[in-house]
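Read off the chains here:
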Amino acid sequence: MLVAMILGLLAGIFLGFTLNVSYPTEYSFYITMGLLAAIDSILGAARSYLEGKYNNLIFISGFIANAVMAGLLAYLGDRLGVPLYYAAIFVFGGRLFQNLAVIRRLLIDKYLIKKDGNVNKK
Amino acid sequence: MRWKAFGFFLFCLAVGCILVLQAKLTNGQQLYVSAKTLTDYETSIKTETEDTERIYRLIEEAEQKLLEYEAMANNGNEELRDKLLKELEYYKMVSGHAPVRGEGVIVIVDDGTRELYEGEDPNTVLVHDMDILTIINELNRSGAEVLAVNRQRILNTSSISCSGYTIRINDQFFARPFEIRAIGDSKRMAAALIGPDGYGTLLQEYGVIFKVSIQDDVVIPAYMEDQSYEYMTKAKEGE
Numbered sequence: 023m024l025v026a027m028i029l030g031l032l033a034g035i036f037l038g039f040t041l042n043v044s045y046p047t048e049y050s051f052y053i054t055m056g057l058l059a060a061i062d063s064i065l066g067a068a069r070s071y072l073e074g075k076y077n078n079l080i081f082i083s084g085f086i087a088n089a090v091m092a093g094l095l096a097y098l099g100d101r102l103g104v105p106l107y108y109a110a111i112f113v114f115g116g117r118l119f120q121n122l123a124v125i126r127r128l129l130i131d132k133y134l135i136k137k138d139g140n141v142n143k144k
Numbered sequence: 024m025r026w027k028a029f030g031f032f033l034f035c036l037a038v039g040c041i042l043v044l045q046a047k048l049t050n051g052q053q054l055y056v057s058a059k060t061l062t063d064y065e066t067s068i069k070t071e072t073e074d075t076e077r078i079y080r081l082i083e084e085a086e087q088k089l090l091e092y093e094a095m096a097n098n099g100n101e102e103l104r105d106k107l108l109k110e111l112e113y114y115k116m117v118s119g120h121a122p123v124r125g126e127g128v129i130v131i132v133d134d135g136t137r138e139l140y141e142g143e144d145p146n147t148v149l150v151h152d153m154d155i156l157t158i159i160n161e162l163n164r165s166g167a168e169v170l171a172v173n174r175q176r177i178l179n180t181s182s183i184s185c186s187g188y189t190i191r192i193n194d195q196f197f198a199r200p201f202e203i204r205a206i207g208d209s210k211r212m213a214a215a216l217i218g219p220d221g222y223g224t225l226l227q228e229y230g231v232i233f234k235v236s237i238q239d240d241v242v243i244p245a246y247m248e249d250q251s252y253e254y255m256t257k258a259k260e261g262e
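These protein sequence lines are chains S and Z, in that order.
Per this note's numbering, residue 23 is the first one in the first sequence, and the count goes up by one each step.
Per this note's numbering, residue 24 is the first one in the second sequence, and the count goes up by one each step.
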């Protein structure tokens with residue numbers, strides 16, 4: 023599954039460079055918010071997969087709800103003149119690092135410390 | 024499990040793809056555009072389009088005029104010459120190079136003759152350049168078409184300044200009394216000056232002599248000074 027993720031990301035980046043699609047700049051801000059939500063979801067999924075409690079429904083619903091919330095906040099902030107999208111950026115950004123830290127620990131536990139069996143027993 | 028992996032592959036594919044597209048699109052420039060900037064741009068676009076429409080109208084008018092002239096040139100020179108002469112007369116009148124007449128007001132301002140209070144500054148009953156300027160401004164505000172002070176035509180380049188006991192108008196010196204002639208809506212101009220809040224009323228309260236008379240026929244002479252322009256040149260319309 024992690025392999026599929028990494029492969030997908032690489033293939034997507036390659037595809038993005040080869041494709042020549044353009045869309046109106048007006049929406050690019052909302053797309054960025056959606057991207058942030060998506061990256062957050064991917065890392066969250068990787069983490070829960072490594073923890074062994076991954077659930078498809080949670081992943082998909084989480085992604086959609088997060089993206090919609092981020093877009094709504096950005097739109098509302100636009101209307102109110104207050105940069106409310108900061109909330110989404112901070113939360114997603116913070117969670118990215120949090121998830122990354124957990125994944126790192128899990129991976130280290132799984133592949134490095136396991137081999138060095140003495141460490142665990144102490 | 025395989026389906027899940029495939030789904031993830033697709034999801035990550037989409038994310039990576041959009042990531043790169045977005046990066047290509049924005050080129051690292053500031054992405055966030057606030058609603059205020061949007062409305063600002065909207066208004067500026069609106070004014071620009073209005074401007075272009077105005078310029079198009081000007082072009083149309085000019086083309087029509089050109090057609091008229093061409094038609095007249097074909098019909099014979101007499102008519103064209105007459106029309107050009109008429110236009111010349113009009114511009115002479117407007118620019119102050121021809122004497123004009125019409126309904127208007129004559130304002131007479133003079134230094135006050137009342138006794139001063141003890142220790143009072145005599146300046147309060149004298150006519151100053153600022154008084155004349157304010158009266159001219161009031162007259163213009165109430166629809167004066169042409170003005171003259173002591174038979175000096177007031178143009179857009181005219182200056183009025185203080186020089187001791189005299190006032191300098193268009194580089195000529197004048198002493199009291201001052202006679203301001205204005206052509207325009209005479210009742211409106213007179214009312215603006217001698218109304219309860221008018222400047223004339225204020226001057227009268229100070230003791231300055233201030234008289235307004237409404238006339239059916241006011242004659243204002245042409246501008247007599249030399250007019251030469253060194254710095255300005257004609258700009259093209261719409262620049």
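Just so you know, not all the hints are guaranteed correct.
[Stated by the list, open to error] The list that follows gives simulated cross-link-like pairs (lysine to aspartate or glutamate, DMTMM-like), each with its CA atoms no further than 25 Å apart:
{"hint": "1", "chain 1": "Z", "residue 1": "LYS59", "chain 2": "S", "residue 2": "GLU73"}
{"hint": "2", "chain 1": "Z", "residue 1": "LYS109", "chain 2": "Z", "residue 2": "GLU91"}
{"hint": "3", "chain 1": "Z", "residue 1": "LYS69", "chain 2": "S", "residue 2": "GLU48"}
{"hint": "4", "chain 1": "Z", "residue 1": "LYS59", "chain 2": "S", "residue 2": "ASP100"}
{"hint": "5", "chain 1": "Z", "residue 1": "LYS27", "chain 2": "S", "residue 2": "GLU73"}
{"hint": "6", "chain 1": "Z", "residue 1": "LYS259", "chain 2": "Z", "residue 2": "GLU112"}
{"hint": "7", "chain 1": "Z", "residue 1": "LYS69", "chain 2": "S", "residue 2": "ASP100"}
{"hint": "8", "chain 1": "Z", "residue 1": "LYS115", "chain 2": "Z", "residue 2": "GLU228"}
{"hint": "9", "chain 1": "Z", "residue 1": "LYS88", "chain 2": "Z", "residue 2": "GLU65"}
{"hint": "10", "chain 1": "Z", "residue 1": "LYS234", "chain 2": "Z", "residue 2": "ASP134"}
[To be verified] Label-pair distances were calculated between CB atoms; the ranges are:
{"hint": "11", "chain 1": "S", "residue 1": "ILE111", "chain 2": "Z", "residue 2": "ARG77", "range": "53 to 63 Å"}
{"hint": "12", "chain 1": "S", "residue 1": "SER83", "chain 2": "Z", "residue 2": "ALA28", "range": "11 to 21 Å"}
{"hint": "13", "chain 1": "Z", "residue 1": "THR72", "chain 2": "S", "residue 2": "THR47", "range": "17 to 27 Å"}
{"hint": "14", "chain 1": "S", "residue 1": "PRO105", "chain 2": "Z", "residue 2": "ARG191", "range": "35 to 45 Å"}
{"hint": "15", "chain 1": "Z", "residue 1": "THR72", "chain 2": "S", "residue 2": "TYR45", "range": "45 to 55 Å"}
{"hint": "16", "chain 1": "Z", "residue 1": "ARG77", "chain 2": "S", "residue 2": "THR47", "range": "26 to 36 Å"}
{"hint": "17", "chain 1": "S", "residue 1": "THR40", "chain 2": "Z", "residue 2": "ARG77", "range": "15 to 25 Å"}
{"hint": "18", "chain 1": "Z", "residue 1": "TRP26", "chain 2": "S", "residue 2": "LEU122", "range": "23 to 33 Å"}
{"hint": "19", "chain 1": "S", "residue 1": "GLY116", "chain 2": "Z", "residue 2": "ILE82", "range": "52 to 62 Å"}
{"hint": "20", "chain 1": "Z", "residue 1": "TRP26", "chain 2": "S", "residue 2": "THR47", "range": "32 to 42 Å"}
{"hint": "21", "chain 1": "S", "residue 1": "PHE36", "chain 2": "Z", "residue 2": "LYS27", "range": "42 to 52 Å"}
{"hint": "22", "chain 1": "Z", "residue 1": "THR62", "chain 2": "S", "residue 2": "THR40", "range": "30 to 40 Å"}
{"hint": "23", "chain 1": "Z", "residue 1": "TYR113", "chain 2": "S", "residue 2": "PRO105", "range": "35 to 45 Å"}
{"hint": "24", "chain 1": "S", "residue 1": "TYR49", "chain 2": "Z", "residue 2": "GLU91", "range": "46 to 56 Å"}
[Unchecked claim] One side of the interface only, derived from the structure: several residues of chain S facing chain Z at Cβ under 7 Å:
{"hint": "25", "residue": "VAL43"}
{"hint": "26", "residue": "PRO46"}
{"hint": "27", "residue": "ILE53"}
Hints listed in this document are in silico derivations from the structure and should not be mistaken for laboratory results.
Since the model is a prediction, treat every value here as computed from it, not as a measurement.
Cβ atoms here follow ideal geometry from the backbone N, Cα and C, with glycine treated the same way.
Each hint tested on the structure:
no.: 1; hint: LYS59/Z with GLU73/S; result: violated (46 Å)
no.: 2; hint: LYS109/Z with GLU91/Z; result: holds (15 Å)
no.: 3; hint: LYS69/Z with GLU48/S; result: holds (19 Å)
no.: 4; hint: LYS59/Z with ASP100/S; result: holds (9 Å)
no.: 5; hint: LYS27/Z with GLU73/S; result: holds (16 Å)
no.: 6; hint: LYS259/Z with GLU112/Z; result: holds (24 Å)
no.: 7; hint: LYS69/Z with ASP100/S; result: holds (22 Å)
no.: 8; hint: LYS115/Z with GLU228/Z; result: violated (40 Å)
no.: 9; hint: LYS88/Z with GLU65/Z; result: violated (35 Å)
no.: 10; hint: LYS234/Z with ASP134/Z; result: holds (12 Å)
no.: 11; hint: ILE111/S with ARG77/Z: 53 to 63 Å; result: violated (45 Å)
no.: 12; hint: SER83/S with ALA28/Z: 11 to 21 Å; result: holds (20 Å)
no.: 13; hint: THR72/Z with THR47/S: 17 to 27 Å; result: holds (21 Å)
no.: 14; hint: PRO105/S with ARG191/Z: 35 to 45 Å; result: violated (60 Å)
no.: 15; hint: THR72/Z with TYR45/S: 45 to 55 Å; result: violated (25 Å)
no.: 16; hint: ARG77/Z with THR47/S: 26 to 36 Å; result: holds (30 Å)
no.: 17; hint: THR40/S with ARG77/Z: 15 to 25 Å; result: violated (48 Å)
no.: 18; hint: TRP26/Z with LEU122/S: 23 to 33 Å; result: holds (27 Å)
no.: 19; hint: GLY116/S with ILE82/Z: 52 to 62 Å; result: holds (60 Å)
no.: 20; hint: TRP26/Z with THR47/S: 32 to 42 Å; result: holds (36 Å)
no.: 21; hint: PHE36/S with LYS27/Z: 42 to 52 Å; result: violated (23 Å)
no.: 22; hint: THR62/Z with THR40/S: 30 to 40 Å; result: holds (38 Å)
no.: 23; hint: TYR113/Z with PRO105/S: 35 to 45 Å; result: violated (59 Å)
no.: 24; hint: TYR49/S with GLU91/Z: 46 to 56 Å; result: holds (52 Å)
no.: 25; hint: VAL43; result: holds (6 Å)
no.: 26; hint: PRO46; result: violated (10 Å)
no.: 27; hint: ILE53; result: holds (6 Å)
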